[in-house]
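Since the structure of chain A is already known, use the hints to place chain B on it.
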Amino acid sequence: MAEIKLTPEETALFLKGNSRSRRAFMAAFGATAAAFSIAACSKGSAPAAKDDGKIVIEGSEKAPLKFYNWDTYIGETTLDDFKAASDVPVEMTLFASNDELFAKFRAGNPGYDVIMPSNEYVTRMAEAGMLQPLDHSKIPNMKNIAPEFLDPDFDKGRKFSMPYTWLVLGIGYRKSAMKDGAAPDSWKYVLDSDQYKGKISLLGESMDLFRLTFKYLGHSVNDYTPELLKQAEAILVKQKAFVKNFHDDNGQDLLLSKEVDIVIEYNGDIAQVKKEDDDLDFLIPKEGSLLNSDCMCIPKGAPSPNNAHAFINYILDAKVGAAISKTILYPTPNAAAKALMDDAYKNNPIIFPPADKLAKCEYGKFLGQEYAQSIESAMNRVRAAK
Amino acid sequence: MQNWFENKRFFWATMLAPTVWFLAFFVAPMALVWAYSFGENAGPVNIAITGTFGNYAKAFRPEILQVLSDSVVLALIATLICLVLAFPVAIAMTFADDKTKSWLLLLIMLPFWTNLLIRTYALIAMMRTEGFINFTFAFFHNIAVSLGFNLGDYVPMELLYNKSAIVIGLVYVHLPFMVLPLYAALDKLDRSLIEASLDLGAGHLTTMWKIVVPLALPGIAAGLVITFIPAMGAYLTPDLLGGPNDLMIATLIERQFKRANDWPFGSALSFILMYVTLIFFALRTFFEARGGKVSAH
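Read top to bottom, the protein sequences are chains A and B.
The first sequence lines up with residues 1 to 386 when you count with my numbering.
The second sequence lines up with residues 1001 to 1297 when you count with my numbering.
This is chain B alone, in the form it adopts within the complex:
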């Protein structure tokens, strides 16, 4: 049998299309945007690449730093909540029988089949002043009042247009990104280790902390990164659910490319987002290395 790697002609024939695609639709546009980030506006249409660092300097203005740090904080909170919610789900999926497992997987994947805009509008319908959540609370409130409790009028909760609304929206959208890598990691786990731990007298919680979590660490790291990056760059969710104080970085970038017509600054902001992402990838690699060591023991 021939080795495909040794057959150069076949190797290049299969590699040609992906390589062309990668160069034409990823490397070239990204390089262009990267070059723009060192450019200046020369008239309404033209951008002169002058090698200036002015656009990056602009990003260190206090209001831009504020938006950047807000974005990081909101995305981090949402990611951590996702982790807390997704871990039990992933555990349940791992230990469920095959039929239940596939149903659970389907339920996790189901939201992906619905458009993000529609899902966000559904959240708005749930959470607004006259939405379903307030409606339900008002219903029970009124029952309590009619039973003689002196509670006064129902005051609707302000659920939308604030930071918690953004976090809820981000968790809602990004939860599957956390569940899937966790499940992948936990599914590979050697169950005899758990049995051994329980046989040797460790309780269920101790087993979870000392055995399952350390072994799932690479999965946790992957989940954190895969959830954090899109959450940080989220555009629709903060735009539709956020209040007057809540501007996230993606909206800021969009404005530079549209109304402000300041492509160089927009490019610089995009690349700052890239640099932040790369830092988190580096962290992931670090965690993976550690996780690898743990499982080697």
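Chain A extracted, bound-state conformation:
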């Protein structure tokens, strides 16, 4: 069995890290994961891809593949395994934000073959003509992707992108601090109620905060009318009196240090601190929420499109995907890979929330420059209101 199992201590170690940024934390974890894969190999098991021998890339460009990725966001041996299987070396460079990625492609493709934008930037880059359509016949492993990820609004029919990871926003809370022990299953508790007065922390990221407020008001996260924006603004101005602060993606720390009892945060962040303090929990409110997903794309003008397709197909392989998930521990959209993971990961209700709740979640769409600016102005008015 080639599967590299994480011991409970390993999983706990990962889940314990309450670093400010998930990605930064992974760097610390990587070393342990590497030690593990070496240990597994020495027991006589081969890296995943070598099981079925060499990969033959039709029309391979014979040039190194240029891969532009987030930091600590790939399996320890994934790139070497790909080289061993296909004879195509991978040169990976790193970016830190979608804005940086977008800026780099403003003046044309600087020579990358595979890039990793998040959902709404897939739309934005596709609309700006920066991406080339994928040839699905060259990506047979698309069959491994869970069906709910095959036709997202931000990229209908997966024309330009293949999913790599996903995340969902929800409410993180301290169970013992909830009134009558009731779970806060509505955005109401954070956005429109004084029940947890002074113990609430909201997301500082204005676009996502407004989208969730739209959701609370019974609209899609992508509904946008000036009236709705005004309504959401009024709610946030009113709620501000009961809010402790607007956090900078460190809501899990505020929760853990008992600074607040209820926060808007990402599922993965709360999963990490729950291991340290079992009194914490996470849920997706009944109104539904906002999804995020990082995706693999081939930019227009990629020097080696055939290699790029082969690489994307390789990443979507069940065993390769599982090995990556074991290192980076993000929720995976790859159903076949997930099936190979151990129970501590795949049965974690925070990392993988219930399907009925997820069904109500949506991806945020890129709705243009002026939309972004009007949301920013509304947020300024919220923050400055007395």
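These are calculated hints, taken from the structure and not from any lab test.
Heads up, some of the hints might be wrong.
[To be verified] Keeping only pairs whose Cα atoms sit at most 30 angstroms apart, straight-line, the calculated DSS-like set for lysine-lysine is:
{"hint": "1", "chain 1": "B", "residue 1": "K1163", "chain 2": "A", "residue 2": "K188"}
{"hint": "2", "chain 1": "B", "residue 1": "K1258", "chain 2": "A", "residue 2": "K104"}
{"hint": "3", "chain 1": "A", "residue 1": "K386", "chain 2": "A", "residue 2": "K143"}
{"hint": "4", "chain 1": "A", "residue 1": "K156", "chain 2": "A", "residue 2": "K138"}
{"hint": "5", "chain 1": "A", "residue 1": "K240", "chain 2": "B", "residue 2": "K1163"}
{"hint": "6", "chain 1": "B", "residue 1": "K1058", "chain 2": "A", "residue 2": "K365"}
{"hint": "7", "chain 1": "A", "residue 1": "K240", "chain 2": "B", "residue 2": "K1058"}
{"hint": "8", "chain 1": "B", "residue 1": "K1258", "chain 2": "A", "residue 2": "K365"}
{"hint": "9", "chain 1": "A", "residue 1": "K386", "chain 2": "B", "residue 2": "K1058"}
{"hint": "10", "chain 1": "B", "residue 1": "K1258", "chain 2": "A", "residue 2": "K238"}
{"hint": "11", "chain 1": "A", "residue 1": "K104", "chain 2": "A", "residue 2": "K159"}
{"hint": "12", "chain 1": "B", "residue 1": "K1258", "chain 2": "A", "residue 2": "K230"}
{"hint": "13", "chain 1": "A", "residue 1": "K83", "chain 2": "A", "residue 2": "K319"}
{"hint": "14", "chain 1": "B", "residue 1": "K1258", "chain 2": "A", "residue 2": "K159"}
[Stated by the list, open to error] For the chain A half of the interface with chain B, some residues (derived, Cβ under 7 angstroms), not all of them:
{"hint": "15", "residue": "K238"}
{"hint": "16", "residue": "K240"}
{"hint": "17", "residue": "V243"}
{"hint": "18", "residue": "K244"}
{"hint": "19", "residue": "N245"}
{"hint": "20", "residue": "F246"}
{"hint": "21", "residue": "S257"}
{"hint": "22", "residue": "K258"}
{"hint": "23", "residue": "E259"}
{"hint": "24", "residue": "A372"}
{"hint": "25", "residue": "Q373"}
{"hint": "26", "residue": "E376"}
{"hint": "27", "residue": "R383"}
{"hint": "28", "residue": "A384"}
[To be verified] Where chain A lies over chain B, by a calculated footprint (3+ residues, C-beta under 8 angstroms):
{"hint": "29", "region": "1062-1075"}
{"hint": "30", "region": "1147-1153"}
{"hint": "31", "region": "1157-1170"}
{"hint": "32", "region": "1250-1256"}
{"hint": "33", "region": "1260-1266"}
Every value quoted in this text rests on a predicted model; they were computed, and no experiment measured them.
The beta-carbon is built from N, C-alpha and C at its ideal position, and this holds for glycine as well.
Structure of chain B alone, referenced to chain A:
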């Protein structure tokens, strides 16, 4: 001996590098930002410089004025507290013996060797609900209770995420900026004037008010300006320590350049900050002129 100023070739050889640096990395980018502040967004990537004053007009919206005035008020309060705290420190440094003096200087400089982010997080660890300050108070509170005082349960103080937290953070970070110019001014002070004042029957406080403070006025003015300007433009401190009502101008500018992708408006805001700074420099010059007159007497 040759005069270096008369040797044109040598003069230009030494001046060339700084001049190129100054033009390429200060004048050119600032000019560009200044030009952007009169521009309009033309698509997601391009900015058309149209000479519009629209961006400056936008800055006069009530919410932006609110943020601006909040920033000025918070920075002013922090600066004045710095002055009150730094003056005795500077006096102590001036009159200390040489060895103590260098130790005190080192202590003042020491925080500069630590990253601002780390210092701010240290403050958070001190001040949060379950932080060291509340922990200490709870400890003594519980001792008092066990000694029979009927004080009830300890209610932790809300120290973080409000305006006082920002002011404390700004004072903490900017205190050295105030101490150093004050020390520089006081160190040059002619001590015979103080002796004369004391000999002629003035008390210590009178001497301080009538002799030391007026003579230190240029140093005080320099300290005020040097402290106020970075405090006003502080970004990390208000972002990490402030509450829901506390937005300062630097955070607002950052948002324009990132998420809002509205560079022209961000540029206009940056230059408004520059104009405010220039006003305070003008005030400083004014104080210096007055200070100069005082010391001439």
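For each hint, the structure was consulted:
{"no.": "1", "hint": "B:K1163 <-> A:K188", "in the structure": "27 angstroms, holds"}
{"no.": "2", "hint": "B:K1258 <-> A:K104", "in the structure": "14 angstroms, holds"}
{"no.": "3", "hint": "A:K386 <-> A:K143", "in the structure": "54 angstroms, violated"}
{"no.": "4", "hint": "A:K156 <-> A:K138", "in the structure": "18 angstroms, holds"}
{"no.": "5", "hint": "A:K240 <-> B:K1163", "in the structure": "15 angstroms, holds"}
{"no.": "6", "hint": "B:K1058 <-> A:K365", "in the structure": "27 angstroms, holds"}
{"no.": "7", "hint": "A:K240 <-> B:K1058", "in the structure": "24 angstroms, holds"}
{"no.": "8", "hint": "B:K1258 <-> A:K365", "in the structure": "18 angstroms, holds"}
{"no.": "9", "hint": "A:K386 <-> B:K1058", "in the structure": "20 angstroms, holds"}
{"no.": "10", "hint": "B:K1258 <-> A:K238", "in the structure": "27 angstroms, holds"}
{"no.": "11", "hint": "A:K104 <-> A:K159", "in the structure": "22 angstroms, holds"}
{"no.": "12", "hint": "B:K1258 <-> A:K230", "in the structure": "23 angstroms, holds"}
{"no.": "13", "hint": "A:K83 <-> A:K319", "in the structure": "16 angstroms, holds"}
{"no.": "14", "hint": "B:K1258 <-> A:K159", "in the structure": "28 angstroms, holds"}
{"no.": "15", "hint": "K238", "in the structure": "12 angstroms, violated"}
{"no.": "16", "hint": "K240", "in the structure": "5 angstroms, holds"}
{"no.": "17", "hint": "V243", "in the structure": "5 angstroms, holds"}
{"no.": "18", "hint": "K244", "in the structure": "5 angstroms, holds"}
{"no.": "19", "hint": "N245", "in the structure": "4 angstroms, holds"}
{"no.": "20", "hint": "F246", "in the structure": "6 angstroms, holds"}
{"no.": "21", "hint": "S257", "in the structure": "6 angstroms, holds"}
{"no.": "22", "hint": "K258", "in the structure": "5 angstroms, holds"}
{"no.": "23", "hint": "E259", "in the structure": "5 angstroms, holds"}
{"no.": "24", "hint": "A372", "in the structure": "6 angstroms, holds"}
{"no.": "25", "hint": "Q373", "in the structure": "5 angstroms, holds"}
{"no.": "26", "hint": "E376", "in the structure": "4 angstroms, holds"}
{"no.": "27", "hint": "R383", "in the structure": "4 angstroms, holds"}
{"no.": "28", "hint": "A384", "in the structure": "4 angstroms, holds"}
{"no.": "29", "hint": "1062-1075", "in the structure": "holds (count 6)"}
{"no.": "30", "hint": "1147-1153", "in the structure": "violated (count 0)"}
{"no.": "31", "hint": "1157-1170", "in the structure": "holds (count 3)"}
{"no.": "32", "hint": "1250-1256", "in the structure": "holds (count 3)"}
{"no.": "33", "hint": "1260-1266", "in the structure": "holds (count 3)"}
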